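If you read the sequences in order, they're chains A and B. To convert, note that position 235 of the first sequence is 235 in the working numbering; the numbers rise steadily by one, no gaps. To convert, note that position 56 of the second sequence is 479 in the working numbering; the numbers rise steadily by one, no gaps.
Since the hints were derived computationally from the structure, they do not count as laboratory data. Values in this document were obtained by computation on a predicted structure and should not be read as measured data. Among these hints, one or two may not hold up.
Heads up, simulated DSS-like pairs for lysine-lysine below, C-alpha to C-alpha not over 30 Å straight-line [as the list claims (entries may be wrong)]:
1) Lys-602/B with Lys-40/A
2) Lys-284/A with Lys-545/B
3) Lys-313/A with Lys-519/B
4) Lys-60/A with Lys-602/B
5) Lys-316/A with Lys-545/B
6) Lys-519/B with Lys-90/A
7) Lys-411/A with Lys-213/A
8) Lys-268/A with Lys-316/A
9) Lys-174/A with Lys-265/A
10) Lys-317/A with Lys-545/B
11) Lys-545/B with Lys-81/A
12) Lys-545/B with Lys-315/A
13) Lys-285/A with Lys-545/B
14) Lys-545/B with Lys-221/A
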Amino acid sequence: MSVLLLKSRWKINPFTILAVVVLVCSFMIFSGPVCAEPIKIGFVSIMSGRVAMLGEEGAKGAQLAIDEINAKGGVIGRKFKLLTRDSTGKIEEAVRIARDYVVRDKVDFIMDGSSSRESFAVKEVSRDLKKLTMITASETTANTADPKIWTPYSFRTARVAIHDSIVGGFFAGKVSREFGLKKWYSISPDYAYGHDNTTLFFEYLKKNYPDFKIVGQQWPKIFEPDYTAHITKILKDKPDAVYSCLWGGDITAFMEQASLYGLFKRMKFFGINIADPLVLGALKKGVPAGMYTGGRYNPTIPETPANRAFGEKFKKKYGTYPSNWSWQSYTAVLFLEAAVKKAGTTDNEKVIKALEGLTIKAPCAQPPRETVTMRAKDHQMIYYTIGWAKTTSNPPYVTDRTYMPWNEILKEEAAYLKKKGWL
Amino acid sequence: MDLSSLIECLVDPGCLINQTTSALIFAMLLFLIASGLSLIFGVLGVMNFAHGSLYMLGAYLTYTFYVGTSSFPLAIILGCFGIGVFGVFFERVFLKRIYAVHILYQLLLTYAFILILDDVAKLVWGYEFITMGAPDAFQRPPLELAGSFIPTYYIFVIIVGIIVAVLLWMFLWKTRYGKLIRATAHSSEMVMALGKNTTLIYAGVFGIGAMLAGLGGALAAPIRSIFPGMGSDVVVDCFIVVVVGGMGSIPGAFLAAILIGFMRAFGIIGFPLVEEALIFILMAVVLIVRPQGFFGRAEL
């Protein structure tokens, strides 16, 4: 009977059916599943073991951006959906996951929140399968700068080692002039990142303050639990200042042990990776005041309403402030949204065209700008905030923020790339 | 190589005291963990790869109890006994099943527990690293002695390490239980034939070994980063101590730990780029010259 009725109605008025379809469809959009396929982003990173925070924090940032965009109704009528998988830090596993995302899950984009080791391999997958990949954690300069390994399918929204070194040298030069810091020391982890970062830091310090000498350098292995012997050696050599790119649990262990020796009262300390909520939050007995730190992420670096709002939103959702990896993956999703909107499609070739040179509003922009730009020639984000500051014991734990104007950073970067033969 | 600054340090009392304390603090923590490993191997004949994970759990438990009770001595005791109890449970439920089977199964089981316990730590305490910080009683400027600095907490750790070493030695060599344990290590069938309960001895020894690892973790918690996987590096150092000192030998472990502590502390001055390698070189030399280690029995 009802079938007959439906049949007769269909004959009478096809618009009824159409109306029902539209109604059901909009109901489904409202309640979760969508009629239009979601835009799938496959996130690959390390989510277990001792650097699990890399992947966990990155996924949180991306998910926050996705939730915000979906709450507004998505982009081109489609919502974003994040898939996450754990590479456990193995290169071959990261490659397999990236391939699976493309071949089996048919994702629209890959997001690579891996460390540099896996990132270089995932990049080859994106080249091979022609799949747009956002790099959100690897900081190695070559990843976007070296033309020999460059691919049109990779874009990076992470900070870059060379930028950090340029700004670090600029800032340390300023402080050195103020206090006459002649004798320098370094303690950095004994692998590629530690050596490259420290060498470049001193190279740029030399440009800004030629009048110093390195009196000692130490290279503890990564995840070293005990720095006592290193600390007593530094105390013996009595430098004016120490530079360190130890990170994560290593810098907190070092700070705890060095505090017991009163090291920070005897010399200036420059740690590029201290101002991050993961580090500062881990110090249960308080943050030593008067150290100089690079700003990985801090709700007041930059001191802008947009950044403050981003930090608070994140904290409301997850209970802690975002880390460096969170804002980088958050920004990657913002770039994808803007590019898909501009291209009107998720067709990778068209989105790539749209991304090149794209400028978007983002919380991480360095004042006075409010926007960051995806540089067309190498697919590296620029104009993001690279701040240095002095630590204080109370939240937000930093004061005296200093930024280097981006036009000067870019000038130094160009000189570096030319020297490397990459330009 | 920088031999001139090594000599310079050896004749300068400030530098000498500094590096010596830093050697001792590293050695004491290493000894506490490695002695448990050595004891377990000596008596049970089991290579406990998950020993570093017990150290990690000890650090986590101590941190949790410290936050809960805000008493550091209580946190150490609870943390260390908690791991002891867990050790007995672990031996009774899992380890006892593999005594009779091939050694590869020991590797498989204990290695699996490294992964399992790391993930348990991640689920319970989160993936972030934690820095507990030295208790308030030790939050004071370091002692200054002839131009050297000695943090008060380190003095505490060194004293505890030496006390435990002496107690352990007295327990094993001067008490009836100690004799039973040594007898079991020598020939468990004979001990069993004499009507002694070897099951109890096995569980007890594993419990004590676990407790020592837990104590190492408890004392390390205030000064080292606590995170899932923190045991993996430590267990490598421990195996070196056990191999160099002689498998199953507590005095050997003590001597080897101190030797490694000094090699690190003075290696950093004399051979700044290869100080990590020195320890492995030491192991290689010992294995070539005296394969059973300092105090190991030759048949092992």
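Taking the hints in turn, this is what the structure says about them:
1. With a C-alpha separation of about 66 Å, the suggested pair Lys-602/B and Lys-40/A falls outside the 30 Å cut-off, and the hint is violated.
2. Our distance criterion of 30 Å between C-alpha atoms is met by Lys-284/A and Lys-545/B, whose separation comes to about 18 Å.
3. Our distance criterion of 30 Å between C-alpha atoms is broken by Lys-313/A and Lys-519/B, whose separation comes to about 51 Å.
4. Distance restraint check for Lys-60/A and Lys-602/B: the Cα-Cα separation of roughly 57 Å exceeds the 30 Å cut-off, and the hinted pair is therefore not satisfied.
5. Under the criterion of a C-alpha separation no larger than 30 Å, the hint pairing Lys-316/A with Lys-545/B is consistent with the structure, at around 22 Å.
6. Using a Cα cut-off of 30 Å, the hinted pair Lys-519/B and Lys-90/A is violated, with the two alpha carbons roughly 33 Å apart.
7. Under the criterion of a C-alpha separation no larger than 30 Å, the hint pairing Lys-411/A with Lys-213/A is consistent with the structure, at around 26 Å.
8. For a cut-off of 30 Å, the pair hint linking Lys-268/A to Lys-316/A is broken: about 35 Å separates their Cα positions.
9. For the proposed pair Lys-174/A and Lys-265/A, the alpha carbon gap of about 20 Å is at most 30 Å, so the pair holds.
10. The suggested pairing of Lys-317/A with Lys-545/B holds, with an alpha-carbon distance near 20 Å, which does not exceed 30 Å.
11. Only pairs whose Cα atoms come within 30 Å are accepted, and Lys-545/B paired with Lys-81/A is accepted, the gap being roughly 26 Å.
12. Taken as a hint, the Lys-545/B and Lys-315/A pair is honoured in the structure, with Cα atoms around 20 Å apart against an allowance of 30 Å.
13. Restraint check: the Cα-Cα separation between Lys-285/A and Lys-545/B comes to about 22 Å, which is no more than 30 Å; the hinted pair holds.
14. For the given pair, Lys-545/B sits about 23 Å from Lys-221/A by alpha-carbon distance, which is consistent with the 30 Å threshold.
In summary, the structure is inconsistent with hints 1, 3, 4, 6 and 8 from the numbered list given earlier, while agreeing with the others.
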